Every structure is written in structure tokens, then in C-alpha cells.
Amino acid sequence: MRTVPVTKGTDPNGHDMSSARALAKNFGVSPAITSGLKLDATSEDVTVAPGALPKIEALDVRDASQWTTLSFHRNAPPGGASNTLSLYGPVSRSSTVDVWLPKNRKMAQYILEIYFTRLNVHRPVFSRKDFEKILNDLYEGVTKFHDPGNVLSIYMVFALGTLSELNHRAVKADLDNNKSETMQHLGAEVTKKLMPSDWPAHDEFFERALSVKPDLRVSISSLQALILLHWYLYIEVTDKLVSPHIRRLICYL
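Numbered according to my numbering, the sequence shown spans residues 1376 to 1628.
Since the hints were made in silico from the structure, they are not lab data.
Hints may be right or wrong, so weigh each one.
What the hints assert, rightly or not - Heads up, simulated SDA-like pairs for lysine to any residue below, C-alpha to C-alpha not over 20 Å straight-line:
1) K1508 x L1445
2) K1478 x T1443
3) K1508 x K1547
4) K1568 x R1544
5) K1567 x W1442
6) K1504 x I1595
7) K1547 x K1504
8) K1508 x V1496
9) K1481 x T1444
10) K1478 x N1450
11) K1478 x V1500
12) K1478 x K1547
13) K1478 x H1543
14) K1504 x G1516
15) K1481 x P1571
Just so you know, these numbers come straight off a predicted model, no measurement behind them.
Required output: the full structure, derived from the provided sequences and hints.
Structure representation (C-alpha cells):
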């Protein structure tokens, strides 16, 4: 049996998978379908183009007192990630990556409890034990190399958990005040009133997740991150469309 050498950007059979044009060719897509398409001129992800996203090193935080910054090596050690393929070019040429994490670890643990109690049971992406180890290793400096999938997943778990908790608190505040409708929009004003002042807003976690997205690789952690990202986008849009009465019913799921 002929052995196909392992080359970055190819599948186990040696087929070129490094570009949209190569993918179309190797999956047997008819030229009649791709004719006229600029397959390699733009990203396949039309919703969030890599060039339009902020770099994580340059992304401003709204309140620096809410965050702590940690530095990690950008690239894994030789042979440590031979089964991954970068989706895009590197966002930065720097050998290290600065990752921002919430400074309030007590609140971080509480939001994790919210996420795994209320949300993960409906769409299990991580086991709690595995996820808590990933997060604690980052905080404690055990992790040495940057895994963009894990970092993006952390931001999205915090975004989803924060959004869930904010929604619960908004409904409870309305019920306690005997209002007939829940708050229409869980924006900055509501967040400031109902959530701790030293905890970032859910949309800020989302913004930081987007800044990591261009660094994603073809890996399990990146797949997990994208599942969480799309879940957040669905929930955020749905939350703005459903009636207050329906939201009151579903927020306690």
C-alpha cells in the first residue's frame, strides 16, 4: 500500500484541503456551479470576515478593573498540534497571545454554575469537569500554549451564562414589582442595574470571542467554540423577538 506523506492542509489521502477552490475540486463540485465565484478571494464565513474583526491584543476593554490579562505562547510545541489546520492566516505575528479573563473569579464560578445547571443540559458541548480544568489551568498559569478554541469557548460560556442570569434577574425584578411585562431589552442600562459592577456584560464577552475567532483551527476545541458562538447568536436574536410573556415562561427552563 502506498503511503501518502502527511502534509499540512491535506486530508489523510493527500487531497488538498487548504482553500475553498481546492475543496470544491476534491469534493467533485461541478465547475458549472463554481463558475464565476471568487472562491479564494474572500472568506467562506460571510457573516464575520476575518479582516473585519479586531485583534485580541488591540481590543479595548470597557472597564479594565473587571479583567486580568495572561500571556501564552502562540504556537504549540513541535508535534503538539499536527492534526490541526489554521482556517486563516495568523491574526498577529507576535510569539505570544494576551488573553483577558474576568478578575472576579467568585462570580466566574457562579456564572459557570448557571451555565452548566440551566443551559448545558439542553445542549451539552463540554463536560463540566473538563471545562473547569481548562479554565482553572488558564487562571493558574498551568496552560502554556494558546488554544483559541478553548479561549473562545470560555468567553461564550460566560456570555451565555451571564445572559441567562441577567434574564432571570430581570424577570424576578418585574415580578417583585408587580409589573405586567418583563423588560423589553437586556441592554447596558438593565445590566448595570441588575448585575455586579465588577462583572463584564454578556455582549462584551461576545466581542472578545469574535476577536479570537480568526485564530481558530480545525480542531475539536474550535468546533466546540463555534457551536457555542452560534448558540449565543440564536439566543440573542430570539430574545429580542419573543414577547415578554413568552420570555417569562422560558427563562426558568
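Hint check:
For the hint linking K1508 to L1445, the alpha-carbon distance of about 16 Å falls within 20 Å, and the restraint holds. Of the pairs offered as hints, the one joining K1478 and T1443 holds, with about 5 Å between alpha carbons and a cut-off of 20 Å not exceeded. Between the alpha carbons of K1508 and K1547 the distance comes to roughly 32 Å, so the proposed pair goes past 20 Å and is violated. Distance hint between K1568 and R1544 is fulfilled; the C-alpha atoms sit about 10 Å from each other, no more than 20 Å.
Distance check on the hinted pair: K1567 and W1442 sit about 17 Å apart at the alpha-carbon level, within 20 Å; holds. Restraint check: the Cα-Cα separation between K1504 and I1595 comes to about 17 Å, which is no more than 20 Å; the hinted pair holds. Note on K1547 and K1504: the hinted pairing is violated, with a Cα-Cα distance of about 30 Å set against a maximum of 20 Å. Restraint check: the Cα-Cα separation between K1508 and V1496 comes to about 19 Å, which is no more than 20 Å; the hinted pair holds.
The hinted pair formed by K1481 and T1444 meets the criterion: a straight-line CA distance of about 17 Å does not exceed 20 Å. For the hint pairing K1478 with N1450, the CA-to-CA distance comes to about 25 Å; that exceeds 20 Å, so the pair is violated. Our distance criterion of 20 Å between C-alpha atoms is broken by K1478 and V1500, whose separation comes to about 25 Å. Pair hint K1478 plus K1547 does not hold up; C-alpha atoms about 27 Å apart against a cutoff of 20 Å.
A hinted pair counts as satisfied when its Cα atoms are at most 20 Å apart, and K1478 with H1543 does not qualify at roughly 23 Å. At roughly 18 Å between alpha-carbon atoms, K1504 and G1516 fall within 20 Å of each other, so this suggested pair holds. With a C-alpha separation of about 11 Å, the suggested pairing of K1481 with P1571 holds against the 20 Å cut-off.
The structure shown violates the earlier hints numbered 3, 7, 10, 11, 12, 13.
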